[in-house]
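Just so you know, the protein sequences line up as chains V and Y, in that order. Residue numbers for the first sequence follow our numbering, so the first one is 1 and each next one is one higher. Residue numbers for the second sequence follow our numbering, so the first one is 1 and each next one is one higher.
I should point out that these hints are in silico values taken from the structure, not numbers from a laboratory. A few of these clues could be false.
Stated by the list, open to error - Straight-line Cα separation of at most 25 Å, SDA-like style, residue types lysine to any residue; simulated pairs:
| # | chain 1 | residue 1 | chain 2 | residue 2 |
| --- | --- | --- | --- | --- |
| 1 | Y | 105 | Y | 68 |
| 2 | Y | 57 | Y | 35 |
| 3 | Y | 57 | Y | 104 |
| 4 | Y | 57 | V | 71 |
| 5 | V | 71 | Y | 105 |
| 6 | Y | 105 | V | 39 |
Stated by the list, open to error - Some, not all, of what chain Y presents toward chain V, calculated at C-beta under 10 Å:
| # | residue |
| --- | --- |
| 7 | 26 |
| 8 | 48 |
| 9 | 77 |
| 10 | 115 |
| 11 | 117 |
| 12 | 118 |
| 13 | 122 |
| 14 | 123 |
| 15 | 126 |
| 16 | 137 |
Beta carbons are placed, not taken as given, at the ideal position from N, Cα and C, and that holds for glycine.
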Amino acid sequence: MTVSTEIELQTFVLLRLGDRRFALAARYIAELVAPSRIFRFPHRTPRVEGVILRRGRIIPVCDVGHALIGKGILSRRFYLLAVRDYVFQKEWVAIPVTGECELINAEITPATESDAAHVSGWLSHNGEVIEVLNMDALTPGPAPEPAHRPAPAFVEARP
Amino acid sequence: MTTIPLRVSSPTRTEQIILFRIGSQLFAISSSSVQEVRSVDSLAGSSREISVPSLPKVRHTVQRGDKSLFVVNGAAHFGLPPTSGALVFVLRGTRTALLVDGIDKMTGMSRLQCLPNAFCREERFWYRGLTALDQAVVPVVSPDGFLSVDELSLLDSVVARRERSGETSAQFNP
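Make the full structure from the sequences, and use the hints.
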């Protein structure tokens, strides 16, 4: 008797940071855009560089280089616009990447307890084992509070 | 006969804002939040020095009517390089006067976007949100975000101590 196991392939975007490649589930990707002007203003959140303006939308730029490769991403080719889930709402964040991105189908091996919080799993591609990233752990945000009331994305200006 | 519903778009509501500078950084504040704009020189006679080592952003109080206002140095508050400061905004409904370098212009803001949740530290109290103006993004400050309740209590206790000791007014020199 043979037992067949169904392998469920998922779609991932491979992104490059320096010499390393990482993966992010494609369902979390909104767009890949060319670098544009970063608007900076005073704040105290580490690893948030500022914001970019994309079709009227203000999107924070989060440098994940320190967490993933131990240094900031200085030479950037694109911003990967990814969806960050804040429990009460979803928002876009821009991740600077240093090279082309690639769309692949692969099987994910779930992360174990010994993996870092930003790792949601692993995949194998062309002989390389690649971390699948958990954006919610990788990018800053308030501690999740289920009782928190959702803040509207836009508030109307006062007359 | 097919009827096509007529859509009447409501006029865009705008909020009047003042764009001001601290050093090279541009900020916005609702003009309705600013009760008075005074030059530093004009406040010299009504200001008193205050020294709170744990709160170096406040170095003066000014008397406006029967109220003592705390002058917050904008550069120190936002962690910007020190500047001389030329103007003071007396903020309506607060006990804060804000020391800034200058006014850029007054304009209208039609949309205020909440601060993205990626910004998760003190800046959430500093800003009402962000607005896009002339292809730039400007933070819109919250008039209540310059001094916390704890900071006000601390300042009040210092002022009370000073009044008991009977200190006199000092030159406003930010």
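Worksheet item: Looking back at the hints listed earlier, which ones does the structure fail to meet?
Response: 1, 4, 5, 8
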